[in-house]
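Put together the whole structure using the sequences plus the hints.
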Amino acid sequence: MTRLHPEEEIKYAHFHMNLAWIAVCAICFAVGVPIPWDENYSNRTLWIIENYSIHENGTKFYNYSNPERGEFEYELMGKWYDHLINGEYRYDFGTSFLNFCWNREIPPRESLFSIFRASQLMAIVQVLLRSAVLITMTQQLLQLYVTVKHRSMIAYPDRVSSITSFIFINESVYYLSLFFIMNFQIWQDAEYIYMLSISATMAMVTFPLKLLSNSILNGYQLISLIRILCGIIGIALSGNLFKGMNRFLQYVNCDQYGVHMVEFFATDYLANSLLYHAYKQHLLDVVVGPESSPQLKILSKTAHMLLLKDLLITSCSAGFCIGEFLGTLSEQYPDREVEVAFSARKSPLIVFVENRARFRMHGKMDMFVRPANETQVKEMIIRADTTVTANIVMWISNTQIIGNATIENLDFKLLETKIDDVDQSSFKDLGLFGAEFLEKLLTEILLLGINMPTMQGILLKNPKLSFHERYLKVETYFKIDERYTGVIVRSAVKQTLNHIG
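All the letters of the sequence shown, read from the start, carry residue numbers 1 to 501 under the numbering used here.
It cannot be assumed that every hint is accurate.
Unchecked claim - Cβ-Cβ distance ranges computed for the label pairs, FRET-style: (1) Leu448 - Asn409: 23 to 29 Å; (2) Ile49 - Leu448: 20 to 26 Å; (3) Asn498 - Ile49: 41 to 47 Å; (4) Tyr52 - Phe264: 22 to 28 Å; (5) Phe168 - Lys473: 52 to 58 Å.
Simulated from the structure, these hints should not be mistaken for laboratory data. Glycine is no exception: its CB is placed at the ideal position from the N, C-alpha and C atoms.
Written out as structure tokens, the structure is:
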């Protein structure tokens, strides 16, 4: 076996290095592209998103059945589903349930060259960055191995032989640190935040040593000077390069979701104007009777849920009713139905604050007993003034605006009564009962939903509603219905051609 000439060895070495680089590229792109996140796109998840229900308190839940396995599942939907429904997720792969982001609040001053600022990108960009780090790491290690093995490629072979182990360790630690930083960014596992500091420190320590070792291997003075300058610049900018390193996993910002296609703003002045017109047209006057809401349930003193038709009566056959609550009502007017009429005394007021709306209305309440036979007449038994203060939370489900209400305060001032044993002090207790009743009634009305106005051919995608100080905001993406748009375009072209012809 004849030994090759040193120049021929160099040629073969370079050929093998390039061949190895191509092979590494192929392998990384073949196995480095992540598998789609099955849980995000599974039939079960899609079914839950399309068919979930909402409790009266606003909590989302679902009833899922799998006929193939004979399974039935009831579960409350947590934050992970909320972020998924709102489109606040970054990647369609991975296994971490922390795989979502918050709306970005752009600071007034920010370093554009921050590594973690640049890492807040879409999934396809993250995949390319991770693949680039893997390819570079593997290629450089192979190149280093071939260079050290073939001494003729080294400017100072005798000097290098004593530090070969150090060069390998330094190169390996440097590239592994970069790979860990990018990998933590993709997986978003908060348990490994402490590893980021270690990885960043190791990367900054091994970076100038890597440049120094490359200078020793090549022996070119100009390139050595440039590498030393790059090392100094990298160390000087390390504070900005790793700015926010310990926070970016916990507070991930997504620029691609930070700016929506369309945003609508409405101040509470507009809402108060609508309420004023509703007040003038007596749209806020409400009459509630046993037949008003067959589904409405109230929690009684005995912790039993009562239907409205069992509550607004004067005689209680079993359980609890309003006749038992108001003095001698059941004795003075036995076996009668009760009707409650609410009306506003002046225009209500609504104020938008962070995450909710505060609502206040001054009104009057008249309570009647209905006739049970032809000899009886409808008679007013109580007349009172009332002040209601409520908090309203609203959100968008699909294309409907829904919400719930919580009564903060409900005061009654007794003006007139025909029932014995009912005075102002005892009448105040009615606020406890009335608050729950009114809260459930308002929540039931809000859950009916308000359809968002849309244009034909425009499909809203992930609309979101949020309350802020003195205004509310609706932000959404949208897409064009291609089939509908295609029909319009074809019709327009056909009409144009007909006119020309």
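Taking the hints in turn, this is what the structure says about them:
Taking 23 to 29 Å as the suggested C-beta distance range, the pair Leu448 and Asn409 conforms, at roughly 25 Å. Taking 20 to 26 Å as the suggested C-beta distance range, the pair Ile49 and Leu448 conforms, at roughly 21 Å. Hint check: Asn498 to Ile49, Cβ distance near 45 Å, so the stated range 41 to 47 Å holds. For the hinted restraint 22 to 28 Å between Tyr52 and Phe264, the CB-CB distance of approximately 25 Å keeps it satisfied.
Taking 52 to 58 Å as the suggested C-beta distance range, the pair Phe168 and Lys473 conforms, at roughly 56 Å.
Comparing the model with each numbered hint stated earlier shows that all of them hold.
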